[in-house]
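Enquirer: Okay, here's what each chain looks like letter by letter:
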Amino acid sequence: MSAPAVSKGGGGASGAEPILSARNLVKHFPVRSTGLIRRQVGVIHAVCDVSFELLEGETLGLVGESGCGKSTTARLVLNLIKATSGEVFYGGKDVTALSPKQLRTLRRDLQIVFQDPYASLDPRMPVNEIVAEPLRIHDMYDKGGRELVRDLLRTVGLKPEHGNRFPHEFSGGQRQRIGVARALALRPKVLVLDEPVSALDVSIQAGVLNLLDELQAELGLSYLFVSHDLSVVRHTADRIAVMYLGRIVETGPAADLFERPGHPYTQALISAIPLPDPRKERARERITVVGDLPSPADPPSGCRFRTRCPKFAAELTEDERRRCVDDIPELVGRGQGHPVACHYAEQKVLI
Amino acid sequence: MTAEDVLAGGRPEGAAEPVRPSDPVLEVSGLTVGFPSEDGMVQAVRGVDYSLRGGEVLGIVGESGSGKSVTSLAVMGLLPRTAKVSGSVRFRGRELIGMSEAELNKVRGRDISMIFQDPMTSLNPVYSVGYQIAEAVRAHHGVSKAAALDRAADLLELVRIPNPGQRLSAYPHELSGGMRQRVVIAIAMANDPDVIIADEPTTALDVTVQAQIMQSLQAAQAETGAAMVLITHDLGVIAGQADRVLVMYAGKPVEIGTAEDVFYTARMPYTFGLLGSLPRLDRPSERLTPIPGSPPSVVNMPPGCPFTPRCPLAIPLCDEREPELEPTTDAGHLAACHRSDELVGKSPGDVFTTGVADTEALAHFVEESEELA
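For the protein sequence lines, the chains are U and V, in the order given. Just so we're aligned: 142 in the working numbering is position 142 of the first sequence, and the numbers increase by one with no gaps anywhere. Just so we're aligned: 311 in the working numbering is position 311 of the second sequence, and the numbers increase by one with no gaps anywhere.
Rather than coming from a laboratory, the hints here were simulated on the basis of the structure. Just so you know, even glycine gets a beta-carbon here, dropped at the ideal spot from N, CA and C. Please note that the accuracy of each hint is not assured.
Claimed, not checked - Output of the computed footprint for chain U on chain V, the stretches with three or more beta carbons under 8 Å from beta carbons of chain U: (1) 147-158; (2) 360-367.
Unchecked claim - Only part of the chain U face toward chain V is listed, based on derived beta-carbon distances under 8 Å: (3) R187; (4) S203; (5) K280.
Produce the complete structure using the sequences and hints provided.
Expert: Encoded structure:
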């Protein structure tokens, strides 16, 4: 077994170095006809030209509504789904071009925690075995693996004595902690968290979020945090990328993005989140979006948000609209202090 | 006779008199629901009391398993026969518990209607949405099919479905989740009910669609003047909609008050914990205060306050006697906690701790990781 062929990334104190970067990721899923010869009859444009950088020790939040391609992006990054085109660089290597064997060594550094703790743990394995499995796969169990598993369980706030129990004997929050312990077993550098708290009740969710916070502070982990919940992302992420129908529409530091959102979709998203504060909530300005998400099999031309955009519908002239229909807006700085993919970006204060 | 005449023409004979806004339309008292199981009785609801005044929105919050949905199913008489229901549910003075199925059918849909969480399972997949709305109208009014369909189109317009006339012939699978839920809202308001019970109406939907649905619900409420029971686990939705809030834990209300009472001056540690565990959009991140442990099993519950094992303020008395809902400083604000007076002026961070990881084990793990590196 060769040592992990990846640079150790010198200390991790600066936090300015990108540890992982995605370049122009594209994923098209074929739509096939039914019947004996399953001809391809269409293409789902799940992820289109997505690029981002994950810095060392930071949390990048990937946020959007269901069907926007955020989970697909997370899986592309780990090469769990093969990208149609585009590259993902980790430690100077393109993850998408590696052989399965080379990928396996890389998996030590890149781990994932899934959304549903009821589906992501094997119901027939005791918890000790679940957490030990990655160690066994990488031939690391024999060197003090038992101790490490006990340590991991304690680290995530579970009792090591409960290691012989099966997943069904734990509550949702505890199961998600088991998922985190499993992901930590190989001492990764990057954790991809795919909706890690969406299936949990709020009081339980807070415990898992705090745990992730503490682990990051102590272990210097980088998180790619995928979630549909803007409040959760606001709480955990240092930087945020907002996705709509397969594209990133706005990205920037968390505080900046929430205080000065420039894209009409980000504005609608922020104003749609109810605040748990009666006086503030009742005094807010609402920007509502009409209609539903268009089909990703046939996305609108130009700006993909234009069919639901309140600005397109109410504020723009016929000439201005033509640009939204014809030109794909690029994700570049437009005077908001962070990149926005809207021809007519205009910052608004909503909170 | 047009559809409007039917609905504008007031209630049929035998219906109760119009009520003054201050009178309660729905009074629930001492409601308990148990489900027999092999392990003993599952006490899903252990004594719920509330009264709903005309036009008011009462929010019921609680985590999964707290009994908030079972409470409303009991009010509607929709629980399976095996369920043991006791207590009283009075709609404008008429007792609903123990009423025959035929009588209940006259109340359901006309006086009290319900909106369920999942619009895919609450609509019938083999009938068009127009048919299903018209069915609700015709169940309580003797109007022609054509008139009922006209009314259905009006209702679809009210809940802001574009091209309502064409949508009447659409089937549920042809509509998106948000549209389906609006159809369900249209059915709920079809007979101008006095009470609408909405059980997690937006939980299955995306946030932008959730905002649209809440607007439709508000439109429905304004149009019918109905009182609403809004059941949700989302405190944000409650903050925006509810006049009064009821917090449930382990089958019992633990705090009732106006939205401002509950959100700004909570008097029950559980409410405190819930509020402190919410990540907030409107301020930079602070440490969250998770509630340790998990909700209790409602089978064979021990005496004492069910929140005791998770409560940072628990004292021996809490294990012995379950606290009753008692007025706090304000007579309309009730809380069930032996130590509620001590919560005055406190914030969640004062009561709950934020740490979750085992610091010692974590330090050990970090040390080893560094050695390996």
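Enquirer: Does each hint hold? Answer for all of them.
Expert: The hints, checked one at a time:
Given as covered by chain U, the segment 147-158 of chain V fails the check, having 0 residues with a CB less than 8 Å from a CB of that chain where 3 are the minimum. A stretch counts as covered by a chain when three or more of its residues have a beta carbon under 8 Å from one of that chain; for the segment 360-367 of chain V and chain U the count is 7, and the coverage holds. Checking U:R187 against chain V by beta carbon gives a least distance of about 5 Å; that is within 8 Å, so the hint holds. For U:S203, the suggested interface contact is upheld, since its CB lies about 4 Å from the closest CB of chain V, less than 8 Å.
For U:K280, the interface hint holds, the least distance from its beta-carbon to any beta-carbon of chain V being 6 Å, beneath 8 Å.
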